[in-house]
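There are 2 protein chains.
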Amino acid sequence: MELSNILVPIGGIVALLFATFLFLNVKRQSPGNKKMQELSSGIREGAMAFLISEYKVLIVFVVVVAALLFIASYIPGSSMHWGLSLAFIAGAIFSAVSGNIGMRMATMANARTAEGTKKHLSKGLSIAFSSGAVMGMCVVGLGVLGIFSLFTLFHNYIDLGSIISTNILFGFGFGASSIALFARVGGGIYTKSADVGADLVGKVEAGIPEDDPRNPAVIADQVGDNVGDVAGMGADLFESYVDSIIATMALAAIIGTFFITTSSIDKNIIIPWLLESPTQSDILNYVMLPLIVAAMGILSAIIGTLVVIFGKGKNIYGALRNSLFIATILTAAFGGVATWYLIGRLEPFYAMLAGLIGGIIIGLSTEYFTSEKRKPAQGIAEASKTGPATVIIQGLQVGMISTIIPIIAVVAAMIFAFELSGFYGVALSAVGMLSILGVSLATDCYGPVADNAQGISEMAGMGREVRERTEQLDAVGNTTAAMGKGFAIGSAAITSLALIFTYMLTANILLENQGQPPLILELSDPYLVSGIFIGAMLPFVFAALTMGAVGKAAYAMVEEVRYQFKKFDLLKSDKNKPDYERCVKISTNRALKAMIIPSLMAVVSPIVVGIVLKPTGLGGLLIGSISTGFLLAIFLANSGGAWDNAKKYIESGNLGGKGSNAHKATIIGDTVGDPCKDTSGPSLNILIKLMSIVSLVFLPLIIALNI
Amino acid sequence: MELSNILVPIGGIVALLFATFLFLNVKRQSPGNKKMQELSSGIREGAMAFLISEYKVLIVFVVVVAALLFIASYIPGSSMHWGLSLAFIAGAIFSAVSGNIGMRMATMANARTAEGTKKHLSKGLSIAFSSGAVMGMCVVGLGVLGIFSLFTLFHNYIDLGSIISTNILFGFGFGASSIALFARVGGGIYTKSADVGADLVGKVEAGIPEDDPRNPAVIADQVGDNVGDVAGMGADLFESYVDSIIATMALAAIIGTFFITTSSIDKNIIIPWLLESPTQSDILNYVMLPLIVAAMGILSAIIGTLVVIFGKGKNIYGALRNSLFIATILTAAFGGVATWYLIGRLEPFYAMLAGLIGGIIIGLSTEYFTSEKRKPAQGIAEASKTGPATVIIQGLQVGMISTIIPIIAVVAAMIFAFELSGFYGVALSAVGMLSILGVSLATDCYGPVADNAQGISEMAGMGREVRERTEQLDAVGNTTAAMGKGFAIGSAAITSLALIFTYMLTANILLENQGQPPLILELSDPYLVSGIFIGAMLPFVFAALTMGAVGKAAYAMVEEVRYQFKKFDLLKSDKNKPDYERCVKISTNRALKAMIIPSLMAVVSPIVVGIVLKPTGLGGLLIGSISTGFLLAIFLANSGGAWDNAKKYIESGNLGGKGSNAHKATIIGDTVGDPCKDTSGPSLNILIKLMSIVSLVFLPLIIALNI
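Read top to bottom, the protein sequences are chains R and S.
Mapped onto our numbering, the consecutive letters of the first sequence carry residue numbers 681 to 1387.
Mapped onto our numbering, the consecutive letters of the second sequence carry residue numbers 681 to 1387.
It is possible that some hints are incorrect.
To be verified - Pairs of lysine-lysine, BS3-like flavour, derived with a Cα cap of 30 Å: (1) K1344(S) - K1294(R); (2) K1232(S) - K1252(S); (3) K1265(R) - K1065(S); (4) K1344(S) - K1344(R); (5) K1065(S) - K1055(S); (6) K1232(R) - K1255(S); (7) K1328(R) - K803(R); (8) K883(S) - K1065(R); (9) K1344(R) - K1232(S); (10) K1232(S) - K1065(R); (11) K1328(R) - K798(R); (12) K1232(R) - K947(S).
As the list claims (entries may be wrong) - Quick look at which bits of chain S chain R covers, simulated, 3 or more residues with Cβ under 8 Å: (13) 1084-1091; (14) 1139-1147.
Since the hints were derived computationally from the structure, they do not count as laboratory data.
Note that the Cβ used here is the ideal one computed from N, Cα and C, for glycine as well.
Input sequences plus hints: build the corresponding full structure.
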């Protein structure tokens, strides 16, 4: 116990120190010539402009929700604690800070990566990856420190019967969710509306190349990569990371509650092998285990990161894969030791391992179904012979079929973890899957940096050799980004499962405390079935709304670009410069406006269903939404990824190459896939986690209203 | 009781007599000139060729499954009755016979409709609708008679503890399912592969018009309409119809079991208001009620049908709507009286009404989201301004958003019915929804007949006036076909819900009989959750497989048409005639081969999951597959319908009309939508019902294996 209290904060602090070291190291690199610096700072300013606009809305949102949480804690019988409100604010701030730093870093690293690539490919890789690792380390460091501090502050978990401390931690998760909502959903709408808008007028109408500096939307497009893929991905995984840890801690704390209050709830379901009467320090060890595993993961991730940064090889994909591989093995080894030391048995470790392996399988499956080197994407490319319609049909098929392996992986990990360590094991498997986040997020965020570097080298005219090298970086980045998406979806699903099991037990404890019969979530209850049906429907509606939002925002961008082309005569003379800022502003405003309805839906529907269809219906809603949310997210992300790479496959000279009819057909596929893979698909992660955490936070209130 | 025993068979016989009357009446009409007769008999022969090939495979399938069922009834401890095997064969034969008659009629009516239209629009309508009504009446008549005979034969429902008679009836449903599988899935693959194959080479490559007799695939295309939309739709709804009746009877019989065996299972959940100890004749009344309602529905449907047949108005859509409207009101009135007479209270009647209204709401919602007169389809047409990609994205959105109303309608009907009459009420609401099937199926099947008539008038060169009239018939047929699809999906969902509630109770009775604890389908059981996840995945995989099958079969057709164009020099000289038969044969063989894997998946997965994840996991599988199956089916059907009508909207002169870029963009949308709305979407109905009925039939075996 003493050791945990030291190890965990040390882990968090080391992560932040390492992030600082990397940050300074990247900053030290040459930012290239003036043109490159100009472009880079244009992107940075645009990205910051988005963040600032986002913060303006966010502050209102956070303050209002925090106030509501505070007030709710004084509603008689609700048993919500005022600390929830504080934890909520902390979660929001911690997530926002890590996103902000990550984005600053990414937008600083793009020109430096391009410049570094001039010297050597591995130099460019090192810079791009370092910048991604800054985000990764901030996320895990701030996540661990945030949870640990709150837990220490409200450390009355054991004399309760009301599990205050974990309930308060849910507030932290809720805060993180709110940022993720804005960053992933808002960011997702932003990035695609800018991209589609820029392409429709630039590439299609005016016939100028992608990333042409005459296109007023070109900076907004580059900003979008950072907003969506860096800040959005970071906030999404920050949320998964802290949620998985919190759920595990909550389940352990519930065990503590059980043994003190002599509850009638079946204890085996939480941890089957638990001793008859664990001591307080036993329980505390169970509570601390996920944090320790996280701390171990941080150390492993640092080592994995160093492999890439100091590597000199030419095989970029190999370097990235090796770093993940090393981090995984180290985490497994450290995690095993820690578990044995803290708990005295290895079942929880195996559960964790199941999650770790499940995550890797999902990543590999995504890679298979989307890579241009594999059959599925090549099959889509083949279908282009008979035109765009068959490209679309084939892509839909690939996406739907690609759901099999991830579902089986999650189910197998869950069953395995449950058999070994009950619900506690399921939650731990989520922790395991996310434990190497420090390095896996670095791999994800490296992608958009490489993409930006490629864009800058193009716009700054850095010559063929540099362009070819940055293209190489970018191509690998596309693959890792696709894998990262699969991983993010899988981890969202298993984290949500852990949250829903926590929901059930928490509900029963709350009901028992109030002398009520426990919550029975029986499938023979039509209210539960109704909840499942409605829950299953919400991801479809959410995906449609986010897709629609992209369309509307893109349309505004199209109008603006056309207007500027005319007003400044950009295409024929180079006297005037385009007004990049206005385009950035349009994307920002439209994206933030367009996310209001889907966001409200995500926050409000669990509360409404909880009141109308009772906590039973809400349980159904959660499981229904997790299952279709998971499936739809994979379907949309993989269809989109496969369409994208089918196009790339043709562009690299197959089936007639660029400009052929086959190419045109795959461009249509790619355009359809864009909002699927970058907006609607990833947004679903947020939906399912947010609904679970909202349900947990408001559960006391819902129960109070239903009695 | 006495009265029921008379009324029910009378209802069934009257339906068959009425069908005979209509059949003879249509046959009496002039089949037109020689050219028309030739075309019509070509289509008929092609359709029959498909049926005969189908039967060859079917006979093997039915004999094997029947033998397995027979053997399974002798496995010690399985408590399956040998009568299941007999009922299975009966279900298969009854469904096949009604499909066969319906198809004969439809392929006989097409030329007659075209010829009738020459005289008067209402004459054509009358013939086309009459032919549809033949199918409708055969389905309801044979359905009711089949169930009634089996029930009378195995009439030992009350002295049991093993609910033999209803268990045997499930065999009838399983038989019907098998035919539906072949007709809907095989037929769906057939129809789209022929359609897509004919269009790709004819319209796109050779530039000849649709329905051009030089195209060798043109007859296969016409045959496809009958195979998919007449026989497929008929078998699909035959299955829903008998399943809903059987489920209701089973639930009533379970009540009987409860009161005799003093079971510990909560009786309120089945029929909350039931007297303390109902008499045998009370129970029998509950058992007979759905059959009586069905009989009343038959009489109402006949009256509704006559309204169209003897109508003289010009408003086709109005006439069809009125007939549905009249049938609905009459069914409601008769149903209310019958319920009051048999049961002595009206709650079951209200439950039935909830289903009836729910079905109508789903139909109207489908109409809204797919009609060319409404915003959604017009919005897709608007999106064509920015090319095919936006058409696709917009269509995906429309499909996803369109899930809201059907889900809410089904949930509301279920909750309402459950609150009033428990599970029995839920099953009755499915019966209510399907009670007007005699006339609603006529409305569905009228569509393909009108479509064929239109094709024949085109191919036989019957002149502009006739063509315009048949076009009018065809346009309305498209709308009613879309509504019919929505209705078929909704009824499949609620029928499956009734089946799954029956599954739960049956499992508990079987377990109790064997001294086992009851089945607990608690959401806190990871096996149940795993089942839900896997179940939710299966519709995605099934949809992908059926979509892929269309692609493969269409490709074979493309090759054949190209080959014939070359070999017979069809495009330049008219010396040779195309070999229509070979194309029909190719579609037939490919479709039947392509359906093997998806079909096996549907039959085998519940059994495998039941054994591996236990009956608990199987319960999850069913609810998971119903929820996503329902959602995906609506999504695919409505996206497809809306794309189709967006194209039609432009073809009728909007946004540039035929030949414009906008038109080309919507053609791509329509092609994508074709397998969605005519193959994958409707096939999902079969998947969810088949998996439910397979689970019910094999439940005794699964339980025996799990003990």
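Now the hints, each set against the structure:
1. At roughly 50 Å between alpha-carbon atoms, K1344(S) and K1294(R) are farther apart than 30 Å, so this suggested pair is violated.
2. Distance restraint check for K1232(S) and K1252(S): the Cα-Cα separation of roughly 29 Å lies within the 30 Å cut-off, and the hinted pair is therefore satisfied.
3. Between K1265(R) and K1065(S), the direct Cα distance comes to roughly 26 Å. Compliance with the 30 Å bound is thereby established for this hinted pair.
4. Distance hint between K1344(S) and K1344(R) is fulfilled; the C-alpha atoms sit about 14 Å from each other, no more than 30 Å.
5. For a cut-off of 30 Å, the pair hint linking K1065(S) to K1055(S) stands: about 16 Å separates their Cα positions.
6. Simply put, K1232(R) and K1255(S) have alpha-carbon atoms about 56 Å apart, too far for the 30 Å limit, and the pair is violated.
7. Between the alpha carbons of K1328(R) and K803(R) the distance comes to roughly 26 Å, so the proposed pair stays at or under 30 Å and holds.
8. Simply put, K883(S) and K1065(R) have alpha-carbon atoms about 16 Å apart, close enough for the 30 Å limit, and the pair holds.
9. Between K1344(R) and K1232(S), the direct Cα distance comes to roughly 23 Å. Compliance with the 30 Å bound is thereby established for this hinted pair.
10. Among the hinted pairs, K1232(S) with K1065(R) is consistent with the structure: their alpha-carbon atoms are about 14 Å apart, no more than 30 Å.
11. In summary, the hint linking K1328(R) to K798(R) is supported, as the alpha carbons are separated by about 24 Å, within the 30 Å threshold.
12. A distance of roughly 53 Å separates the Cα atoms of K1232(R) and K947(S); the hinted pair therefore is violated under the 30 Å criterion.
13. Interface restraint, the segment 1084-1091 of chain S with chain R: holds (5 residues with C-beta to C-beta distance below 8 Å; minimum three).
14. Three residues within the 8 Å Cβ limit are the bar, and the segment 1139-1147 of chain S against chain R gives 0, so the coverage statement is violated.
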